[in-house]
Structures are given as C-alpha cells and as structure tokens.
Amino acid sequence: MTELLTQGLGEVTRWELPDLQYRYLLPLFVLFGMAVVSVLVEAFVPRAARRTVQLFLVFGTLIAAFILVAGLSGIRSLAGGGSIAVDGPALFLQGTILVLAIMAALLIAERDADPAGDAFAARANALPGSEDEREFTRRGWLTTEVWPLFLFSVTGMLIFVSGTDLLILFVGLEVMSLPLYLMAGIARRRRLLSQEAAMKYFLLGAFSSGFFIYGAAMLYGFAGTVDLGGISDAITNQAGPNGLLLAGVVLLSVGLLFKVAAVPFHQWAPDVYQGSPTPITSFMASCVKVAAFGALLRIMYVALGGLRWDWVPAFWIIAILTMLVGTVLALTQTDIKRMLAYSSIAHAGFLLIAVIATSEAGLAAAMFYLLAYGVSTIGAFGVVTLVRDSTGEATHLSSWAGLGKRSPWVAGTFAVFLLSFAGIPLTGGFIGKFAVFEAGYASGAGWLIVVAVILSATAAFFYGRVIVIMFFTDPQEDGPTVVVPSAFTAIAIASGLAMTVVLGVFPQPFLDLAEKASIFVR
Amino acid sequence: MTTEHYVVLSAILFSIGVFGVLIRRNAIVVFMSVELMLNAANLAFVAFARQHGNLTGQTIAFFVMVVAAAEVVVGLAILVTIYRTRRSASVDEPNLLKY
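Those sequence lines, one after another, are chains A and B.
For the first sequence, my numbering begins at 1 and goes up steadily by one.
For the second sequence, my numbering begins at 1 and goes up steadily by one.
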C-alpha cells in the first residue's frame, strides 16, 4: 500500500492540469449549468411565475445546446482529458437527443389537454385521494420540479452517447436514469399506477446499473484501464481466453441490454411505459432508447470490436428473441400505451441487427433508424395524450373504436405514425428498417435478416389492427373525446408527423449526414 | 492475501446482492441488495487498482460511492411515497400494472 501511495504522491508534483478543451464540452456545461439554475428557480422564484420562467429557461437551453452541438459538426477529437468523444456518432446522436427532447418538452409543457392542469400531480408528496391533494389541486399548484429533472436527464443522455471510458459512461447512465425514476412517479391521474411504475423502474434500473458497474470492474481488472480504446488494445494483445474479460463483457452487456429493453431484460418496459405520465413515457421511449443504443454501439464497436466473433452469436439470439417477444406480445395487448411499449421492444430487436453488423453502414443505419423511430414515437404518444374521457386518457384499445370517424385528422396522424413503426414505404420507419437490414445483410447476417423481415411483416398486422379499429368500427356511445390542445402539443405532433414523412420521402440528406458521421474516434 | 482473494470475496458479495434482489420481497431489502452489488464492484475496483498499480480503480470507487448515495436519495423518496400510500413496502403488492 505504501509504495502505491508514495508513487501516487510523487506523480502529483509533476502532474499537469489536463487540457479539458472547454470549447468541445460547452454543450454539456450549458445544459448542466442551466439545470442547476433551474433548481435555483424552484427555490427562489415565486410559485406563480415559476412555470413561465422554467419554460423560457428549458427551451432556451435546449435550443442553445443544439446550436452548440451543430457548431461542433465535422470535429473528430477527444475532450475532457480523453474521456469525452467529440466525433460523428456522438454529435449526431446528441443532436437527435436534443431535437427529441425539445419535442418531448413541448408535450410536458401542455396544460390545456386536461381540465385539471398539466400531466403532473399538484404535489407529488400529497397522498393520493387525500384532503391535502384536493387542496393543492384547488390552489392550482404545479410540479414545476419536473423541469430541472428533465434537464439533468438530458445532460446524462448527452454524456452517455459521448463517454469514452466506462466511468464516464456509468456517471452518464446514472445522471440520465435517476431523474427519470422520479419523473415516472408523479402523474396527476392514476397516481397508484404511476408510483408503482416508478418503483419498478427504479429497482430494476438500479439492479441493471449494478451489473454495468461490476462488468466495468471486471474489464478494469482485465485491461488495467477503463478507457474503451485501452480495453480494445488489451483484447488485441491477450493470449488465450480470459475469465475476467468474459465476465466483464457479459455483465456489461446485461446492464446495457436492460436499458434498451431487449428480451429477456425487457419486463420493466411495458409496466413503466404504461404507468408513467404519457409525456414522460414519450421522453423515455425516444430519448433513452437513443442514448442507450448510442452507448451500446460505442462500447461494442470501439472496445469489444476485437471480440466480435464471441459476442455476435449471443446477440443473434437476443435480437431474435427481442423481435419475437415484442411482436407477439404486442399482438395481445388491449392498452394502447402497453402496445406501444411492446412495439418499442420489437424496435430494439431491429436495432440490435445494426449492433451485430459492426460496420460503418450498420452504425449509420442505426443512427438514422433512431431518429426516425424517435420522432414517430413522440408523435404517437402525443396523440395518446389527446384522446380522453372523464377519468383522463382513454388508453384502452376498445375506446379508440371509430376515432377516425369522429376525428379524422387525429386518427389519420396516428395512423401515419403506426405505418412508420410498421415500416411501410414513404415513412421514415421504412427507410430506417431498409438501411438496417441492408447493413446486416452486408455483414453476413443473412438468416437474421430473413427472420427480421418475417417478424416485421407480422408486426404490421398489429399496427394495422389499430388502424382498422380506428377507421372501420363504429364509435362507442360514451366513447372518449379528442381534446383540442394548446400550441405546445400541436407543434410536437405536427413536427413529429412532418419529420416522419420527410424522412420517408426525402431521406437522402439525413442518410448522407449519418453516413458522414459514422466513424467512432478512439 | 493476494488480489485474487479480494476479487473472489467481491464476487461472492455481488452474487449475494443479485440473489437478494431476485428473492427478497421487501423493497427496502431489495434496494439494500442493489447497494451490496455496487459495493462489491467497489471492492473489485480497489483490489484491481492494487494489482495494476494505478489509481484509476481507487478513483472510480469514490465515484461509485457518490452515485450510490444519489441513488439512495431517489430510491428512498420513491419507496417512502409508496409506503405512505399503501402502508407496505412489499414489491409484490403493487400489482396494478400487468398483462
């Protein structure tokens, strides 16, 4: 121990401050700083003004961060003492996350859809059904605390897609997840469901991060470093199989596959997606998926690319199971949010094909797919927030019967999102699936693509079923009504629709951008 | 005592944590098991830092402790809310979300 300490102290005297390259880290600093300011707003700004102040702050910050990220485009470098990558995939995915976060923030900001107020409890700590709760609701209090949580979570996502060592990735993972656990539990309506979702999400999320960090410890034991490039070098130089390496890869993959909701680590997703407030579900289903796949791609491509032949067979099985379970169970769902949750599990399976491809084309395809899937997801959940009856959102599939006859525009918009999920041509989802399948085929995963195409066709059946229910059945007598939202939700849904169509009809600029951005720095 | 002993101990602690999460029914105990998993990782990090002769592992242990503390804050907030609503901290009882 002593020699280690003296060695450490000896180094301190000669130790130079690493060049952090603040310019490259600026988007992260802006987000983190503004998240802290947002906490201060909660503490010092009078209750009546808080919502307005928070809205200006959050949208200003997200747009500023997007501009800063866009300004870095074309740069390939390491920043922050080598632990943050500023490269194509990081910047593309950060931009995607920020666009999706702006759309999700529009849904979160909505206050007119529900006559009682926004989607969040007046006070999260008041007991459901208690006198306190009614009093806080009567006073019209809002849980504006959701905004600082939201900003912290977005910051974590940006770190998670750009971290180049396992420690930074772990910190990013937690900064992303911890606020989400809380945001899942503060719904205004059906609060017991919401709290249950928060508990399940928290316990399983913490469980998976335990796997992640223990896997990181094993890889550190193997390589003597947590740097992804260093681990890759150690794998190249190793002689023969190594127990620590094997354990590390397995545990790390389990932790990441939990986050992307791949089978058999998917059980939390349907419950959490159903129980959380719908705007938060849209945020989780889109942004978390992008961030988790960003980190999974980086770790698998950069650190474990040399072990490709060892982990690819396991990922084949997981990809097939994920597509199969997601598709089959989505067929049997009667709740629209649950159905979208299983659909997002199936999409995780399709995306895993791009991970298996381990090629530049696979990376570009995955990034395009994530963008197309994300905008459609937020739009679809946005529509779910509008279909309401007296108890809140009417999420049972039967109550959506005949929606197309009463509100053709809303039902038509939802149908476009479903067609994009199904991968029908002229939508972003088709181009994304096509690109992923092409990259998978080029990498030699022919049979996997056959399975994926068959399951994709099966999936089209349950998306079609919802369209049939909406357009070709008669409305219920006491069915739900479609509320007229404020501009917030309207803009979110409209931009989701516009981007879904644009990505389907004019995909080339976006495909080119993804292709140019498809090399990891190390 | 070589590093191997510490790593084996940390693997045992990690396994106890995993089994605790899988078989215990009280949310607080499940949560404590998760903390055990994180601390098992800490032990492994520190042991490997000694073996490799660099300080990375020791530094990471501090980060993991901070993250664990943050997790306690968030986790207990959620569990206390559930307990006040249901008067129980069982992970089986909240079962409204299914199928």
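The reader is advised that the hints may include incorrect statements.
[To be verified] One-sided and incomplete, this derived list gives chain B residues near chain A with beta-carbon spacing under 7 Å:
id : residue
1  : Ile28
2  : Val30
3  : Pro94
[Claimed, not checked] Pairwise CB distance ranges (calculated):
id : chain 1 : residue 1 : chain 2 : residue 2 : range
4  : B       : Val80     : A       : Gln267    : 54 to 64 Å
5  : B       : Ile28     : A       : Gln267    : 20 to 30 Å
6  : B       : Arg87     : A       : Arg47     : 49 to 59 Å
7  : B       : Thr3      : A       : Glu16     : 53 to 63 Å
[Claimed, not checked] Not everything, but these chain A residues come out facing chain B in the computed CB check (under 8 Å):
id : residue
8  : Phe29
9  : Phe32
10 : Gly33
11 : Pro128
12 : Ala198
13 : Met199
14 : Ile213
15 : Gly479
16 : Val483
17 : Val484
To be clear, the hints were calculated from the coordinates, so they are not data collected in a lab.
Cβ coordinates follow ideal geometry from the N, Cα and C atoms, glycine included.
We went through each hint and held it up to the structure:
1. The interface hint given for Ile28 of chain B is violated, since its Cβ lies 11 Å from the closest Cβ of chain A, which is over the 7 Å cut-off.
2. Taken as an interface hint, Val30 of chain B checks out: its beta carbon lies about 6 Å from the nearest beta carbon of chain A, inside 7 Å.
3. For Pro94 of chain B, the suggested interface contact is upheld, since its CB lies about 4 Å from the closest CB of chain A, less than 7 Å.
4. The hint said 54 to 64 Å for the Cβ distance between Val80 of chain B and Gln267 of chain A, and at roughly 24 Å that hint is violated.
5. As the Cβ distance of Ile28 of chain B to Gln267 of chain A is approximately 21 Å, the hint placing it in 20 to 30 Å holds.
6. For the hinted restraint 49 to 59 Å between Arg87 of chain B and Arg47 of chain A, the CB-CB distance of approximately 31 Å leaves it violated.
7. Restraint check, Thr3 of chain B to Glu16 of chain A: a C-beta distance of roughly 30 Å breaks the suggested window 53 to 63 Å.
8. At a threshold of 8 Å, the smallest CB-CB gap from Phe29 of chain A to chain B is about 19 Å, leaving the interface hint violated.
9. For Phe32 of chain A, the interface hint is violated, since its Cβ never comes within 8 Å of a Cβ in chain B; the closest pair sits about 15 Å apart.
10. Taken as an interface hint, Gly33 of chain A does not check out: its beta carbon lies about 19 Å from the nearest beta carbon of chain B, beyond 8 Å.
11. Restraint check, Pro128 of chain A versus chain B: the minimum CB separation of about 6 Å is within 8 Å; hint holds.
12. The beta carbon of Ala198 of chain A comes within 5 Å of a beta carbon in chain B, closer than 8 Å, and the hint placing it at the interface holds.
13. At its closest, the beta carbon of Met199 of chain A sits 5 Å from a beta carbon of chain B; the interface hint therefore holds under the 8 Å criterion.
14. Annotation: interface hint on Ile213 of chain A holds; nearest CB of chain B at approximately 4 Å, less than 8 Å.
15. Annotation: Gly479 of chain A was flagged as interfacial toward chain B, and the flag is violated, the nearest CB pair being 22 Å apart, outside 8 Å.
16. With a cut of 8 Å, the hint placing Val483 of chain A at the interface with chain B is violated, because the nearest CB-to-CB distance is about 25 Å.
17. A hinted interface residue such as Val484 of chain A counts as satisfied when its beta carbon comes closer than 8 Å to some beta carbon of chain B; here the least separation is about 30 Å, so the hint is violated.
Of the numbered hints given earlier, the model fails hints 1, 4, 6, 7, 8, 9, 10, 15, 16 and 17; all others are met.
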